Structure formats: C-alpha cells, structure tokens
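Residue numbers (our numbering), protein chains in the order written: chain U, 1 to 342; chain V, 343 to 612; chain X, 613 to 895.
Quick caveat, the hints were computed from the structure, so don't treat them as lab data. Owing to the predicted nature of the structure, the values given are computational and were not obtained by experimental measurement. Some clues are possibly wrong.
[To be verified] Result set (DSSO-like, lysine-lysine): computed pairs, CA atoms no more than 30 Å apart in a straight line: (1) K787(X) - K386(V); (2) K104(U) - K786(X); (3) K786(X) - K167(U); (4) K602(V) - K786(X); (5) K74(U) - K101(U); (6) K787(X) - K602(V); (7) K74(U) - K111(U); (8) K74(U) - K54(U); (9) K111(U) - K129(U); (10) K129(U) - K101(U); (11) K129(U) - K786(X); (12) K111(U) - K101(U); (13) K54(U) - K740(X); (14) K74(U) - K348(V); (15) K787(X) - K101(U); (16) K54(U) - K348(V); (17) K167(U) - K740(X); (18) K560(V) - K740(X); (19) K111(U) - K740(X); (20) K787(X) - K74(U); (21) K786(X) - K111(U); (22) K129(U) - K740(X); (23) K167(U) - K129(U); (24) K787(X) - K54(U); (25) K104(U) - K74(U); (26) K129(U) - K54(U); (27) K740(X) - K101(U); (28) K74(U) - K786(X); (29) K740(X) - K104(U); (30) K101(U) - K54(U); (31) K104(U) - K129(U); (32) K348(V) - K786(X).
Residues per chain are reported as follows:
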Amino acid sequence: MATVLMSGIRKEFGSTVALSDFTLEIESGELICLLGPSGCGKTTALRVLAGFEKPDAGTVIVGGEDITSLPTAKRNFGMVFQEYSLFPNMTGRANVEFALKLRKAGSAERKETVDRLLTITGLTEHADKFPHQMSGGQRQRVALARALASQPRVLLLDEPLSALDAKVRDSLREEIRRVQREVGVTTLFVTHDQHEALAIADRVGVMSNGRLEQLDPPRALYERPASAFVAGFVGTVNRLPAEPEGDRWRVLNRSVSAQATMQGAHLAVIRPEQLMIDPDASGDATVTEVTFLGPLTRVVVKSSGQSLIADLLTSEFGGVNVGDQVRVRLRDDVTDVVLIEA
Amino acid sequence: MGIVVKVLRAIFLVLLGLFFFVPLLAMARFAFQSVPVVLLTPEKLLEGWSISGLIEVFGNPEFQRAALISLQLMVLSILITLVLLLPVAALVEIRAPQFRTAMAAITLLPWVVPPIALVVGVAATFRNTVPWFLASPYSLVPFYVLWALPFSYRALDAGLRSIGARTLYEAARVMGASTFTIIVRVIVPNMVGAIIAASVLTAALVLGEFAFAALLLKETLPTFMAEFQRSEPRAGMALALAVMLLTALIIWIGVRALRKRGMDLQAAGV
Amino acid sequence: MRRRFDTATLVVALPFLAFVGLFLLLPTVGLAVKALTPGGSFGFSSLQRALEGSYRTAFVNSIALSVTSAVIGGVIGLLLALSLRSMQRPRWLRSTTDSWSAVASQLGGIPLAFAFIAAIGTQGLLTKLLGFVGVDLTESGFSLSEFWGLVIVYLYFQIPLMFLVMMPAVGGLKKTWSEAASIMGASSGRYWRSVALPLLVPSFLGGLLLLFVNSFAAYATAYVLNPGAQIVPLLVRFLLQGNVITGEEDLAYAIILWTITLLLASLLLIAVLQRRTAKWASS
C-alpha cells in the first residue's frame with residue numbers, strides 16, 4: 001500500500017486547460033472520490049496518475065518514489081474502466097489470470113489468487129463465461145477482480161458504475177467499498193454522481209475548471225461547502241441573503257452564528273431540510289409545488305421572486321396545498337450557517 | 343508510437359497510393375497523348391495531348407449501339423431489382439423477421455455461382471428448351487439482377503434497419519394505415535439513400551460485367567470495349583478510362599448516399 | 613401473436629423466390645445433373661476427368677493465383693487498415709481511403725486490365741520509367757500475362773476489398789483494451805499478441821476466403837491480359853465456345869460443378885468463422 005502525492009500538475013490539450021496547478025494527496029489505504037461535472041478535469045487527473053497522460057508540469061509521487069515519467073506498464077496499478085474493458089476473447093477467469101501471468105506468477109499461485117478474488121467479488125459461478133455473456137454488473141466485478149489481481153499499489157476507478165442500472169449500481173458500490181476495505185488498497189475513484197461519491201469515499205474532492213475546489217470527508221463537504229460551486233454541486237441548496245448583525249448574522253429573521261472570511265455581500269447556504277414551512281394566510285410566500293417523496297415531502301414556495309425548496313418530514317408535514325400562503329423560517333435546531341460570497 | 347514506425351507507415355501509404363494512382367495516370371497518358379511511349383522523353387512530356395480519340399468513339403455507331411444496350415440493361419436491372427426485392431426486404435424486416443437469415447443466405451448465392459459458372463448452366467438448360475430467350479440481349483437482365491443481389495439486398499437491408507422500419511410500421515399500424523400504404527408512404531420515402539445505393543451498385547455491376555455477355559455473344563459496352571481496343575488502342579484506352587471513371591463516380595454516389603444516413607457499404611458476406 | 617406464415621410476405625416473396633429459382637437454381641441444378649450423367653447415364657466419369665491432365669493444371673493454377681492474390685492482398689489490406697486506425701491527421705486520408713476502397717473493390721474487368729497494360733505492359737509508362745533507372749522489366753522475365761502479372765493486377769481490387777472487411781474489426785478494437793493491458797503491466801507487443809490479434813483473426817480468415825472466391829471467379833481481367841492462360845474461368849470459355857469435340861461439353865459441366873463446390877465450401881467456412889466471431893462480437 002502506498003501514499004499518493006500529485007502536486008502542481010498542469011495538463012493542456014491544445015488550447016484547453018484540463019488541469020491547472022492540481023494538487024492531491026491520498027493517504028495509504030484511503031478511498032478518495034474526485035467529483036465534478038464533465039470537463040472539470042477529474043478524468044484527466046486519474047489518467048495522469050495512471051500514466052496514460054504525461055503532465056506538462058508537476059510531479060506524481062507514489063510511496064515516496066517519483067513516477068512522473070514511469071511508463072504505465074511499470075507502475076503496478078490496477079484500474080476499472082467505465083465499460084468494455086474486459087478482453088472479449090477471454091473468459092472472466094482468463095481475464096483475471098492474464099494480470100497474474102504478466103506478473104510471472106506460478107500456475108499454482110495463479111489459481112489460488114484467481115479463486116480467492118472470484119470468491120471475494122462473488123463471481124465463482126460466472127467465471128467461465130465470456131464477457132458478452134455476462135450482465136454489466138458481472139463484467140464490472142470481473143474488472144474489479146482483475147484490477148486487484150496483481151496486488152496493485154494503487155487502484156483507479158474511472159466511473160465504474162455509470163453504465164449500470166440504478167439497482168446494480170447501488171449494490172456494486174457497496175461491494176467495491178467492502179472489497180477495497182478488505183484489501184486495504186489506496187484508491188482513487190472518479191465520478192460525476194454526488195450520491196455515489198458521498199456514499200463511498202473517505203474524502204471527496206470536488207473539482208471545477210481543472211482545480212480541486214475542496215477536499216473533505218463527505219459530511220463536512222455537505223455541511224460546510226467552501227464555495228458557491230461546491231454548495232451548488234453537492235446536494236440541493238437555497239441561497240438566502242444574510243445581513244451582518246454585530247458579530248452574528250440575520251437570516252430569515254433569525255439571528256445565527258457564522259464564519260465570514262470574505263468581504264462584501266454574503267449569502268447563507270441553507271439546505272432544504274433546514275427550512276420549515278408554516279401555513280399562514282398573511283405569509284409572504286406562495287406554495288407552487290408539493291411532491292411526496294416517501295419519508296420526506298418536498299415543498300417549493302415562491303417568496304419575493306425567489307424559489308425556495310423545503311424538505312419536510314412527512315410526519316410533520318402540515319398539509320399545505322399549491323396556492324396556499326405560507327411563512328418560511330429556519331428550523332429551530334439551526335443555530336449556525338455557512339456563508340458564501342454573493 | 344516510435345518515429346521508425348511512423349516513417350515506415352508513411353512510406354507504405356505513399357507506395358500504396360502510387361500503386362493505385364500510377365495505372366490510372368499511365369492509362370490517361372496513353373489515351374490522350376499521341377506520343378508512343380518508346381519515343382517519350384522529358385522534353386516531349388507536354389506534346390500531343392488531345393481528347394479527339396474519345397470524341398471519335400462517341401460518334402462510332404457501334405459504340406452507340408453497345409452503350410444504348412448497356413444503358414437499357416442498367417435501367418431494366420435497377421427497375422426489376424427494386425420491384426422484386428424492395429417489397430420482400432421490407433416485409434421480411436417488418437412482418438417476418440424470422441426469415442431474415444434465410445434472405446441473407448439466398449442473396450449470397452450469386453457468390454457461389456459466379457457468372458462464369460452460371461453461363462454454363464444457362465447454356466445447358468435454356469439453349470435447348472427456350473432458345474428464343476437467349477437470342478435477345480435483354481435476356482442478360484435477370485442475371486445482372488442476380489449478381490447485384492449481394493450488394494443491393496445489403497444496401498436495402500441496412501436502410502430498413504437504420505430507419506427502424508419495424509417501429510415505423512407498428513406506429514403507422516396503430517394509426518390505422520394498411521401495410522401497402524405504410525410501405526409506399528412511410529418506409530420508402532425514408533430510405534431514399536439506401537434505394538439510391540442499391541440502384542447505383544446494380545448500375546456499376548451492369549457497366550462492368552463482361553464474362554456473361556461475352557460468352558453469350560452479346561454486344562454490351564464491356565464486350566465492345568474489349569473488341570474495340572484491339573483495332574483502336576488509343577481510343578479504346580480512352581473509352582476504358584472514361585468507363586472506369588464513370589463506374590467510380592457511380593459507386594461513389596452510392597457510398598455518399600449511404601454515408602449521409604450513417605450507413606456504410608459492406609463487403610458482401612463478411 | 614404473429615402467424616407463422618404471413619400472407620402478405622408470402623405474396624411478395626413468391627415472385628422473388630421464383631425468380632431466383634428460375635434463373636439461378638434451375639440452371640445450376642441443370643448443370644449439376646448433366647455433370648453427373650455423362651453420356652446420358654449416372655456416373656462420376658466426367659467429374660473424374662475434370663481433374664485430370666490439363667484440366668487439373670487449370671485448377672492448380674487458379675487456386676495458386678487465388679491463394680496468392682488473397683494472401684498478399686489480405687496482408688496489405690490488413691496493414692492498411694491498421695495504419696489508418698491510429699491516424700487522426702491528415703483528416704482527408706481516412707475518408708478518401710474509405711470511399712476509394714468501396715470504389716476500387718468493385719473495379720476490375722476490362723478497364724483495369726487496360727490500365728495495367730498502359731502502366732507496366734511492354735509499352736507501359738512505368739516500364740519506360742524503370743528503364744531510365746536501369747531496371748528492364750521485360751528482360752527480368754516479368755510479364756502481365758504470366759502468374760505474377762495477374763497477381764499484381766488482381767491486387768488492385770483485392771487490397772481494397774480486404775480493407776473494407778477489416779476496417780470494422782480494426783475499428784472495433786477499443787482503446788480501453790490496450791489501456792487495461794498496459795496498466796496490468798503488458799507491453800504493447802504482448803497486448804497485440806494476446807488480445808488484438810486473436811480478435812482480428814476470424815475477420816482476417818473470413819476476408820481471405822472472400823478474396824479467394826473473388827479472384828477465383830474473375831474472368832474479364834485475365835481474358836484481356838492472357839486469353840490463353842490455363843486457369844479455370846478461361847478454360848470454361850474454351851470448352852463453351854465450341855472449340856470442343858462433341859461430347860466434351862460434359863467436361864465443362866463437371867469443371868463448373870467442382871468450381872461451385874469449391875466456392876460453396878469457402879463461403880460455408882466464412883459462415884463458420886462468423887459464428888466464432890459472434891462469440892466475442894457483442895461485447
């Protein structure tokens with residue numbers, strides 16, 4: 001197992017800058033997700049780490065060794081691709097075994113390792129099928145087993161779940177997490193799906209325009225977004241005006257504490273579950289949408305020209321209808337908020 | 343990729359380009375420059391160019407007769423191909439897809455029995471029973487339709503599949519249209535590209551077929567060309583070049599018609 | 613539920629099937645019957661004689677010509693497909709090659725033979741040019757009417773045909789496969805040996821058979837270059853155009869029956885190879 005340090009990486013394709021001064025540190029055995037919209041540079045970062053792309057500037061250090069210009073084949077990494085990466089002329093077992101043959105493992109060792117990996121990934125009965133006879137989920141399990149076969153120093157996952165059905169996606173996500181913990185391999189996981197990232201990662205790095213905007217554990221990322229971009233990309237947010245009031249701030253007529261590090265006007269980032277809706281004929285907000293989501297009920301209201309989204313526990317939901325006048329407030333347990341620059 | 347590989351690849355591509363281009367160039371020179379190759383020197387490269395030979399061929403009544411016959415064979419072959427094949431291809435695709443494999447196999451049969459083989463069979467069967475049939479040059483038409491089948495059927499089939507003919511059919515059925523109406527009003531207008539491709543591939547084949555016509559002693563453009571070149575080498579060469587370019591143009595039109603709709607010309611059978 | 617026999621389909625299929633039956637199957641069966649009934653009674657004597665003496669030579673020559681032009685054309689066609697695969701620039705090269713191959717694979721016949729006569733015939737332009745640099749093509753024993761002359765001319769349509777066959781297979785090699793191989797520690801040579809080439813082999817073999825069939829049946833080009841060549845298509849002409857003693861017609865039927873059998877076997881082999889490809893194709 002090894003630590004990864006990518007520092008000051010710059011990568012341009014023609015006139016587009018894919019990565020600029022990108023720095024990322026992954027601890028040994030840690031699973032980091034790079035999250036961001038398409039074109040943000042997350043895949044390029046992974047491909048630079050894999051050695052498929054040579055950075056224009058910066059260094060890649062793995063386990064203390066500078067591998068910036070080491071060819072991919074010599075890095076001893078494992079990788080799971082989005083799709084279609086299994087060799088179609090080999091069965092599942094042969095795919096996994098191929099990785100071991102390349103490392104010159106003996107046949108007894110090969111058999112033992114392949115059997116163990118196929119068991120871990122729950123593939124024993126499908127191992128002798130050809131890739132096109134397998135379901136998408138089975139293929140990605142084989143790909144995972146294959147990536148782990150050579151005991152890689154680093155495991156790379158490039159949107160491994162995005163081609164799968166929602167149900168398979170969830171179960172395989174849990175599976176990847178379990179296997180990764182079991183093997184303890186340092187892992188970089190790239191995805192555009194925030195739920196996936198929040199569910200699986202030790203730390204999530206949100207990227208935009210070739211830079212790492214924030215790198216934090218999922219909960220911290222959700223509760224304390226560092227920028228407007230992160231706040232908007234991770235989860236749903238309402239942005240409400242915040243007025244300074246001594247060393248505290250006033251949001252929706254409530255005094256709350258907050259740390260403002262920036263100058264100028266501020267907006268408070270309020271999650272839908274932090275809002276409360278009270279029926280009030282003299283309220284200044286109008287209900288425009290009510291959606292039942294099971295345990296939650298989502299209410300969208302219009303207040304002084306701005307749409308606000310509130311997620312109420314269905315058990316607490318007072319039963320407002322579209323067109324009703326209501327009043328919007330912060331829930332009682334909300335005492336401090338996150339501010340971002342307006 | 344290493345620089346050595348790149349250089350080797352460039353050399354390979356250039357040589358291959360020359361292989362395909364030089365014969366055409368030599369042909370053009372022979373046809374349009376009245377300087378025999380033995381007398382050709384660098385100073386004489388620009389002397390004696392003229393296309394009068396080709397113009398003269400066009401005035402040759404025998405050529406006109408052969409060209410007219412080939413043109414008629416071409417039009418008839420295309421018509422019969424479309425009338426006979428298009429409805430079958432369409433109905434098999436939209437109503438009886440279980441017969442698709444059978445159609446694919448049937449339309450490959452002409453590869454098994456090429457002209458040189460079939461002509462013997464035709465002579466064996468038709469010459470004694472219906473001698474009048476082989477007397478007319480139009481007797482070539484059914485055989486030309488057959489040899490174009492591997493290409494024409496695949497072009498039509500690709501067209502039907504790319505427009506999602508079965509879905510179109512079912513959608514129109516729900517709206518109450520009859521099968522005939524659907525084929526004429528919905529399917530055909532949507533697969534113009536494939537129809538053009540099937541037609542021009544048939545045309546190109548008619549324009550080039552020699553064995554069958556020669557062995558049945560019919561005067562078509564290719565058989566005329568072979569004869570004519572013996573007496574008039576220069577003009578014959580010019581005519582051959584013109585026919586070759588015309589064939590290339592025709593096939594190119596077909597390839598374009600397919601590509602514009604995201605399909606490609608497939609090598610028949612593979 | 614869909615009926616097993618769809619009336620409308622049957623109505624349009626019948627004329628089509630009758631057409632194929634009348635003009636293709638009937639003559640074929642007719643000649644097969646004649647080949648098998650030499651002199652009016654059933655027997656294999658014609659079929660046997662068709663493989664003897666000069667007829668045997670014609671078959672051997674035809675097969676040698678077809679195999680040679682198929683293998684050389686096949687290898688060059690494959691190399692062409694591989695060369696263009698990774699080339700992004702110049703942009704026009706790929707689309708021009710695609711279109712040109714579609715065209716050239718159909719060219720053949722009389723004009724093609726003329727083109728080569730003008731280029732490397734005894735009075736050819738290239739022959740003359742080579743003379744300038746001291747290579748005497750005629751002295752060296754090369755002649756368009758001999759074996760290698762025919763092979764070179766046939767390559768003009770064989771190479772593009774192979775290119776058309778291989779392009780989908782070569783284009784189907786996914787970039788992720790080579791990346792996956794390299795991250796597993798495989799050299800690019802190892803990737804080609806273990807993954808890419810095994811995937812290309814079925815298409816390549818199928819293509820070779822197609823090229824074989826294609827050149828075995830070619831008539832016009834050979835007719836122009838050397839009407840007296842001892843190859844099957846020209847032999848048939850000889851037998852058919854009455855230059856035969858009465859009774860020798862049976863021999864033509866037998867020769868053709870053997871030819872059809874050979875071509876049928878090749879095409880069936882292609883079908884078998886395709887089934888094998890299908891094992892991988894959909895992934």
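Against the structure, the hints come out as follows:
Note on K787(X) and K386(V): the hinted pairing is violated, with a Cα-Cα distance of about 53 Å set against a maximum of 30 Å. Between K104(U) and K786(X), the direct Cα distance comes to roughly 26 Å. Compliance with the 30 Å bound is thereby established for this hinted pair. Pair hint K786(X) plus K167(U) holds up; C-alpha atoms about 27 Å apart against a cutoff of 30 Å. In summary, the hint linking K602(V) to K786(X) is supported, as the alpha carbons are separated by about 25 Å, within the 30 Å threshold.
With a CA separation close to 15 Å, the supplied pair K74(U) and K101(U) stays within the 30 Å bound. A threshold of 30 Å between alpha carbons decides the hint, and for K787(X) with K602(V) the separation of about 26 Å falls inside it, so the pair holds. Of the pairs offered as hints, the one joining K74(U) and K111(U) holds, with about 23 Å between alpha carbons and a cut-off of 30 Å not exceeded. This hinted pair checks out: K74(U) and K54(U) have alpha carbons roughly 15 Å apart, not beyond 30 Å.
Among the hinted pairs, K111(U) with K129(U) is consistent with the structure: their alpha-carbon atoms are about 17 Å apart, no more than 30 Å. Taking the CA atoms of K129(U) and K101(U), the gap is about 20 Å. The hint holds against a cut of 30 Å. Using a Cα cut-off of 30 Å, the hinted pair K129(U) and K786(X) holds, with the two alpha carbons roughly 20 Å apart. Simply put, K111(U) and K101(U) have alpha-carbon atoms about 11 Å apart, close enough for the 30 Å limit, and the pair holds.
As the CA atoms of K54(U) and K740(X) are separated by approximately 52 Å, the hinted pair breaks the 30 Å bound. For the hint pairing K74(U) with K348(V), the CA-to-CA distance comes to about 25 Å; that is within 30 Å, so the pair holds. Taken as a hint, the K787(X) and K101(U) pair is honoured in the structure, with Cα atoms around 21 Å apart against an allowance of 30 Å. Restraint check for K54(U) and K348(V): the C-alpha separation of about 20 Å stays at or below 30 Å, so the hint holds.
Between the alpha carbons of K167(U) and K740(X) the distance comes to roughly 73 Å, so the proposed pair goes past 30 Å and is violated. Proposed proximity of K560(V) and K740(X) is contradicted: the alpha carbons are some 37 Å apart, above 30 Å. Between K111(U) and K740(X) the alpha-carbon distance is near 66 Å, which puts this suggested pair outside the 30 Å criterion. With a C-alpha separation of about 19 Å, the suggested pair K787(X) and K74(U) falls inside the 30 Å cut-off, and the hint holds.
With a C-alpha separation of about 28 Å, the suggested pair K786(X) and K111(U) falls inside the 30 Å cut-off, and the hint holds. Pair hint K129(U) plus K740(X) does not hold up; C-alpha atoms about 61 Å apart against a cutoff of 30 Å. Of the pairs offered as hints, the one joining K167(U) and K129(U) holds, with about 23 Å between alpha carbons and a cut-off of 30 Å not exceeded. This hinted pair checks out: K787(X) and K54(U) have alpha carbons roughly 17 Å apart, not beyond 30 Å.
Restraint check for K104(U) and K74(U): the C-alpha separation of about 14 Å stays at or below 30 Å, so the hint holds. A distance of roughly 36 Å separates the Cα atoms of K129(U) and K54(U); the hinted pair therefore is violated under the 30 Å criterion. Between K740(X) and K101(U) the alpha-carbon distance is near 57 Å, which puts this suggested pair outside the 30 Å criterion. At roughly 22 Å between alpha-carbon atoms, K74(U) and K786(X) fall within 30 Å of each other, so this suggested pair holds.
With a CA separation close to 58 Å, the supplied pair K740(X) and K104(U) exceeds the 30 Å bound. Distance restraint check for K101(U) and K54(U): the Cα-Cα separation of roughly 27 Å lies within the 30 Å cut-off, and the hinted pair is therefore satisfied. Restraint check for K104(U) and K129(U): the C-alpha separation of about 24 Å stays at or below 30 Å, so the hint holds. For the proposed pair K348(V) and K786(X), the alpha carbon gap of about 21 Å is at most 30 Å, so the pair holds.
The structure fails to meet hints 1, 13, 17, 18, 19, 22, 26, 27 and 29 from the earlier list, while all remaining hints are met.
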